[in-house]
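Asker: What follows is each chain in one-letter form.
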Amino acid sequence: MLSYLWDNPGLMLDLLGQHVEMTLLTLGLGIAIAVPLGVLVHRWRLLAVLVMGVLGLLYTIPSLALIILLVPIFGLNRLAVVVAMVIYSQVILVRHVLVGLDSIQPSLLEAARGMGMNAWQRWWWVQVPLLLPIFLAGVRLTAIVAVAVATVGAKFGAGGLGTLLFEGIAQAGRADKLWAGAIGVGSLALVLNTLLLALEWAIKPGRWLWVPIPVRKLLWGL
Amino acid sequence: MGASIEFVDVSLWFPKAARPAVSHCSFRIEPGEFVVLLGPSGCGKTTLLKMINRLYEPTSGRILIDGVDSRQYPVTALRQRIGYVIQQSGLFPHMTVAQNIAVVPRLLQWPREQIQARVDELLHLIQLPPAEFRHRFPAQLSGGQQQRVGLARALAADPGLLLMDEPFGAIDAITRSSLQEEMIRLQQKLRKTIVFVSHDVEEALLLADRILVMQGGRIVQFDTPFQMITRPANDFVRELLGTDDMVRHLGLLRVKAAMLNVEPPLLAAEPTIGAEDTLRRALSLLLRSGAPQLTVLEEGRPVGILTLEQIRDLTRTGC
Chain L
473 MLSYLWDNPG
483 LMLDLLGQHV
493 EMTLLTLGLG
503 IAIAVPLGVL
513 VHRWRLLAVL
523 VMGVLGLLYT
533 IPSLALIILL
543 VPIFGLNRLA
553 VVVAMVIYSQ
563 VILVRHVLVG
573 LDSIQPSLLE
583 AARGMGMNAW
593 QRWWWVQVPL
603 LLPIFLAGVR
613 LTAIVAVAVA
623 TVGAKFGAGG
633 LGTLLFEGIA
643 QAGRADKLWA
653 GAIGVGSLAL
663 VLNTLLLALE
673 WAIKPGRWLW
683 VPIPVRKLLW
693 GL
Chain P
9 MGASIEFVDV
19 SLWFPKAARP
29 AVSHCSFRIE
39 PGEFVVLLGP
49 SGCGKTTLLK
59 MINRLYEPTS
69 GRILIDGVDS
79 RQYPVTALRQ
89 RIGYVIQQSG
99 LFPHMTVAQN
109 IAVVPRLLQW
119 PREQIQARVD
129 ELLHLIQLPP
139 AEFRHRFPAQ
149 LSGGQQQRVG
159 LARALAADPG
169 LLLMDEPFGA
179 IDAITRSSLQ
189 EEMIRLQQKL
199 RKTIVFVSHD
209 VEEALLLADR
219 ILVMQGGRIV
229 QFDTPFQMIT
239 RPANDFVREL
249 LGTDDMVRHL
259 GLLRVKAAML
269 NVEPPLLAAE
279 PTIGAEDTLR
289 RALSLLLRSG
299 APQLTVLEEG
309 RPVGILTLEQ
319 IRDLTRTGC
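Quick note, the sequences are listed as chains L and P, same order.
Going left to right, the first sequence walks through residues 473 to 694 as the numbering used here numbers them.
Going left to right, the second sequence walks through residues 9 to 327 as the numbering used here numbers them.
Misleading hints may appear alongside valid ones.
Claimed, not checked - Calculated lysine to any residue pairs in the SDA-like style (CA-CA distance at most 20 Å, straight line):
{"no.": "1", "chain 1": "L", "residue 1": "Lys676", "chain 2": "P", "residue 2": "Met103"}
{"no.": "2", "chain 1": "P", "residue 1": "Lys58", "chain 2": "L", "residue 2": "Pro578"}
{"no.": "3", "chain 1": "P", "residue 1": "Lys58", "chain 2": "L", "residue 2": "Ser579"}
{"no.": "4", "chain 1": "P", "residue 1": "Lys58", "chain 2": "L", "residue 2": "Gln577"}
{"no.": "5", "chain 1": "L", "residue 1": "Lys676", "chain 2": "P", "residue 2": "Pro146"}
{"no.": "6", "chain 1": "L", "residue 1": "Lys676", "chain 2": "P", "residue 2": "Arg142"}
{"no.": "7", "chain 1": "L", "residue 1": "Lys676", "chain 2": "P", "residue 2": "Pro101"}
{"no.": "8", "chain 1": "L", "residue 1": "Lys627", "chain 2": "L", "residue 2": "Gln490"}
What the hints assert, rightly or not - Cβ-Cβ distance ranges computed for the label pairs, FRET-style:
{"no.": "9", "chain 1": "P", "residue 1": "Arg120", "chain 2": "L", "residue 2": "Leu519", "range": "41 to 51 Å"}
{"no.": "10", "chain 1": "P", "residue 1": "Ala147", "chain 2": "L", "residue 2": "Asn480", "range": "44 to 54 Å"}
{"no.": "11", "chain 1": "L", "residue 1": "Trp516", "chain 2": "P", "residue 2": "Ser68", "range": "24 to 34 Å"}
Stated by the list, open to error - One-sided and incomplete, this derived list gives chain P residues near chain L with beta-carbon spacing under 10 Å:
{"no.": "12", "residue": "Ala29"}
{"no.": "13", "residue": "His32"}
{"no.": "14", "residue": "Asn61"}
{"no.": "15", "residue": "Arg87"}
{"no.": "16", "residue": "Gln88"}
{"no.": "17", "residue": "Ile90"}
{"no.": "18", "residue": "Leu99"}
{"no.": "19", "residue": "His102"}
{"no.": "20", "residue": "Arg114"}
It should be emphasised that the hints constitute simulated quantities derived from the structure, not laboratory data.
Here the structure is a predicted model, which means the values were calculated and not measured.
Quick reminder that beta carbons are idealized off the backbone N, C-alpha and C, glycines included.
Pulled out of the complex, with its shape left as it was, chain P reads as follows:
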């Protein structure tokens, strides 16, 4: 189960800096939410992230995790409860895959059998067969595999909260998109609270339940991808998201965002589409089949409907 995070008027001045790196930020992240911190480099998004696990301490303000001030915990104990994934994985080159994944469980002094079982379980989860990968060293893995192991390592002690600092930033486009698909799949299964730093708009729109856009250390807008595209707070957000190119956005927005929720009982009438599919696929399905509406399925159960009208409404508000 995910943890909640609340920032209460948090600012951070680095010594000798001309302006605060993070300035008067207040927001709340709900348990199980996937939040992407988005903005140009130097906007304060990584600083904001690192304040959650206290790699940076705020100059003023409070950060609450599950309602408790994060300074109440010993700093190492706090960090052991928070998964942390960095760019280029940060795997320890002298440790095997299994040893890397086992770091936090070892810090928590789990019994050896439990650690081994957990390592294998995680390797299955990230689709690297344990027999083949357990005893490899990071240098013997591809970039994508390294990043998967980095993710497994962060998940090892089953933390409620996962911090990811541009984890796919240094990875080629094809591997990146397969890792993004993997993240979506894992998040559906695990329902962690995830805070994910990115400067890639497409990535943010694809992964996020909500996006937090930052500029110059301040929060510009904190909203769902759908709202952000249809109602950008200002020109900065509009420009950042390229709000005018609607067809592109339909390819990035999920059906879930635009569908009409219908209370069950609802028949799974053809044609159907998954809630996690893109609106672009939905649109082409509607046009091709000529059907008046699509039934939206989530885990095989019908949860709502989507009509051409709803997509059209979306594009209208957007333009």
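Bound-form chain L, shown alone:
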């Protein structure tokens, strides 16, 4: 059953590479769009209702249908799939930015202002660190969704591990391809989830108190 995995290491790695590439591209683009958008809708609450409404609506469209809608614009290729993935990522990421910013006590920001931080310093010194745990949870969720949508993308010439799944279904008696694809996609999702969970764990305040002070001083300053 699993022989396909061992017999085709080169192909497996290629497909895995394409899958990871699409996922990371989605996360990168998704974050780059979601953070400014989240900050914007946090400031103008009326806009938040509108934007979150539209994003929620887009999220209800099945991935297959959404990609089909995008094919006339971007062509039958990886771009259409990645754009669909970025659109899905927004509803999760923007919501997490919004919730994260809302969770910061206004008194902390006033203290920061009162101490003479400018907007840029308030963002990097106060808002980002406090927002990060919640935001990372959103990134993790997005990564899982992206891995799933990228699988469907194989149908549209985007490559990735989904290719094996679609081939396995289409060709009679190729359950080995199905297994290889399923195990590949499943492992990727698990690994990504674990890595991002570890990152969430690592950034909690006080997590590194066991590290000797001289080492911490060397690595982080004070």
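Here the structure of chain L is known, so what remains is to put chain P in place on it, guided by the hints.
Answerer: Same frame as chain L, now just chain P:
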């Protein structure tokens, strides 16, 4: 050394408000003075405070700090020179005690060694041993300790002016009174100009060199605790301070307020009492010892005398 503050006909209307939050306020605070802004909630005292570090901008009027219009400075530079303590400390939960205290020095780009030395110095000052507390997070501190760190953070860059917005409002009574004692001790050492918002009359009488009483955005009276008790400007102040209960007030007024200043040389004749002690203690000492007068000491040196007569005069004018 403290900074002076002068308000020149300052008013502030919030958009759509029915009346100004602060209306035509003019007053002057001298360098090194401890001024408490006192009044019921909504009287404009916090608004007044926040205009000093320009968290609010006045609609009209001018605010001078050390004689210079505060709008002449870039707003961040102005705030970095003014210590700011808020209710419930406002410590950043993701930063250690040391990092919290280091915020303004870092904004001012002090060298790292200087910042570390300053952090330890301040932790000693607020009586939290650096070795034990430097690397703790705010969540690992009690409410009182958090507020001390909040104070240390405000003092970090050695500002001449300290703004405190009901700093002890959310703290239990016992811790509050120890923090108040601490403030008195620190102020004797540091001589900052402090503007302190409070709705607690006892706190105001205990801490203030002068109290500024506000009502409906206007200044009702700006005077020493002693004057305020003995000569309240109107019924509002009289009621606010509960001016009739003289024994209670003797427990809140300091010997300094009623003593007769005597030029040295003056012998430190027994019995003696500290200038910062309460008049109530002075009264009981006078009654118990049967002595005609007490010698008032400040930092171990005799600076004046206090007799029963002076306390009696005070209660008479008060009632």
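Asker: Give a verdict on every hint.
Answerer: To see whether the hints hold, each was checked on the structure:
| no. | hint | result |
| --- | --- | --- |
| 1 | L:Lys676 with P:Met103 | 11 Å, holds |
| 2 | P:Lys58 with L:Pro578 | 15 Å, holds |
| 3 | P:Lys58 with L:Ser579 | 13 Å, holds |
| 4 | P:Lys58 with L:Gln577 | 18 Å, holds |
| 5 | L:Lys676 with P:Pro146 | 14 Å, holds |
| 6 | L:Lys676 with P:Arg142 | 18 Å, holds |
| 7 | L:Lys676 with P:Pro101 | 11 Å, holds |
| 8 | L:Lys627 with L:Gln490 | 14 Å, holds |
| 9 | P:Arg120 with L:Leu519: 41 to 51 Å | 42 Å, holds |
| 10 | P:Ala147 with L:Asn480: 44 to 54 Å | 52 Å, holds |
| 11 | L:Trp516 with P:Ser68: 24 to 34 Å | 30 Å, holds |
| 12 | Ala29 | 17 Å, violated |
| 13 | His32 | 25 Å, violated |
| 14 | Asn61 | 6 Å, holds |
| 15 | Arg87 | 4 Å, holds |
| 16 | Gln88 | 4 Å, holds |
| 17 | Ile90 | 8 Å, holds |
| 18 | Leu99 | 8 Å, holds |
| 19 | His102 | 4 Å, holds |
| 20 | Arg114 | 9 Å, holds |
When each numbered hint is compared with the structure, violations occur for hints 12 and 13.
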